[in-house]
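Colleague: Here is how the chains run, residue by residue.
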Amino acid sequence: MGKSSIAVAGLLLVQFVSSAGAASVQSQNDPLGHRLKLSLFRYAGTEEGEPKIHFSRFKGILRDKLTVLVEELSGPGENFEYLRRLSLDPDGEGGLEDRLTTEDAVQNYWAQSRSLILFRGSLFSEDSKSYFAQSRLYLGDLSGDLPHASIAVRLPIQSDEFATTNDTHSLAVYYVLAQDAMRMHDYPSRVIELLSHAQDKVRDLKVHGALPPALVELEDAIERALVAQKQLQPPQ
Amino acid sequence: MTRTARWLLPGVLALLVGAATGAWGQADRVTLYTPPFLGPGALGQSVATIFNLQLWETLRAAPSPNPKGLSFGLGVIVWGRPLDRYGHEAAEDRAKEIALLAQFVFWGKVYEYGDGAVAQTNLSIPRYWDFRQQHPETWELRFHLFDGDLRFEADIPQRRYSFRPIVLAKEIVSRYSQPNALQIHQRQNGGAVIGSVGNEFTRLRQDEDMAEVTSGGKRGWVHLPELSRRSEVVDFVGGIVRVFRGDWQGAEELMNRVAGNTEAPNELRTDAYLYAGLAQYKQGKQSGDSFAAARALSPNARRCIVYSTMGELAEFARLRDSRANRLERQIPLTRAKRFLSDNRPLFPASDSWVEDVSRGIEELAREP
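Protein chains in written order, with this note's numbering: chain A, 940 to 1175; chain B, 2 to 369.
If you're looking for bench data, these hints aren't it; they were derived computationally from the structure. Treat the hints with care, as some may be off.
Derived Cβ-Cβ restraints for the label pairs, each shown as a range [stated by the list, open to error]:
id	chain 1	residue 1	chain 2	residue 2	range
1	B	Arg-339	A	Ala-1167	14 to 24 Å
2	A	Ala-1044	B	Ala-100	52 to 62 Å
3	A	His-1124	B	Ala-100	22 to 32 Å
4	B	Ile-99	A	Glu-986	42 to 52 Å
5	A	Leu-971	B	Gly-199	37 to 47 Å
6	B	Ala-100	A	His-1147	37 to 47 Å
7	A	Gly-972	B	Arg-324	32 to 42 Å
Glycine is no exception: its CB is placed at the ideal position from the N, C-alpha and C atoms.
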């Protein structure tokens, strides 16, 4: 941040240019820094045929969504320059092979892969025409005040449910980014900004009906985190 | 000497210090660029063309009626080649091309999803030196004090938006996935098909859902279907274009539509209230209710606090100009101070805007 002086047409303007993009805060607990990998496992039931196409499209949409989300948070000189390294794993088509059969295995994978979040789940159909995605979003130690490390949501694969699917995944990503920022002792203003985006998504989802229980818990966790962050003194 | 407290969207160092000349927008051109959307087959191009023509409908050179003889300058929508890649940065790079110099890029992608298709639309508003003489979108308040000027500035609320996805009706998908699907009819009420809207076209006028265009040497009428149920996207983009052109009455009208649409995304409604408040202030109206509504929707958004503070400073300016007594003038200053102190955690510790505005308020409060 700084003050710069410029002379314009004989008039001295002392510029106080707002610089929200303050120097990045270095890790205080984790020398490896922020977690920046979103791991997408191939959903069960998507090995072939139509479900495979649905999964492939879902991945493409998720990738585009992340691109835009990161660009909206990390514009030139923005607060979130580090998010430019956020990535969806694996590259290319398909998902990671899901061989995680126990909660311990899931937690170990999350910890050792340094993932921010794991996208796991299954795709199924009750009438072989319309499909549903049962997503389990695993947040590991970044679940904050949530009673569980996973958020389970059931989302129809229908065009008129696209916005809800988008918002649900965006909500989880904003929340877990905020939790990771808290873990890294980032400035409260950064955490609050991420939580505020998460709050937007909660409100958008509510427009379309009552929240499922997992998202009600998430909403409560966001509120509590906001209250706590507002009471913190920013690091000097 | 002028002291300036300027709130810019982060990462911004463009200087807006050009001397004011002429009426708003009189010499400036405001350009919205709409590339074909990415997506399967011809659908992306057709959907983008329909949006393009719907956005045209929101442009206006002057209000109607126009008792004050206002002019909003030249507003154009330019159609061009697809973006090199999906993202705001690619859109902003395109906007800055010297042959274009656009203020906005409206871009998107059509996805096949489930049983149909959806259009994801986005708006990028890059900040760069675009050779405009006027910047109506920058909210500036200037106070003449005995030892110089005190100036407060606020940038627009946000510069990158992704809108709520639009579900495309099945009829739209099947009809507009084919090349040449946007047919040009001889007459406004139909008649023979004389061609189709190609890669280049010019919109001549609009009458409800029919647009008169020229394309490929043909002149005729194109039907603009409702892509889906009413979306806030066109109103919001049209509203921002009006802000950049200083069309405050028109901006307020469109932004109020978005703000009042309870199905619109929270973030968008918030910014619509902020823009509506700015437009109200520019027309000499009270804007406090709009800013309060924005804060109610997004109580933890920094931009709401910036605009609310500017709103109180604007109210102070109005009272100062009308020679209200000192006690009365202190009320908006006290409210502005409270906005900043109550919401200090929303701003980075090093945020100079908060510090500078706080100091500025103290200076104003000391006035006899």
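Colleague: For every hint, state whether the structure bears it out.
Modeller: Hint check:
no. : hint                               : result
1   : B:Arg-339 / A:Ala-1167: 14 to 24 Å : holds, 22 Å
2   : A:Ala-1044 / B:Ala-100: 52 to 62 Å : holds, 56 Å
3   : A:His-1124 / B:Ala-100: 22 to 32 Å : violated, 47 Å
4   : B:Ile-99 / A:Glu-986: 42 to 52 Å   : holds, 51 Å
5   : A:Leu-971 / B:Gly-199: 37 to 47 Å  : violated, 54 Å
6   : B:Ala-100 / A:His-1147: 37 to 47 Å : holds, 43 Å
7   : A:Gly-972 / B:Arg-324: 32 to 42 Å  : violated, 58 Å
Checked against the numbered hints above, the structure violates hints 3, 5, 7; every other hint is satisfied.
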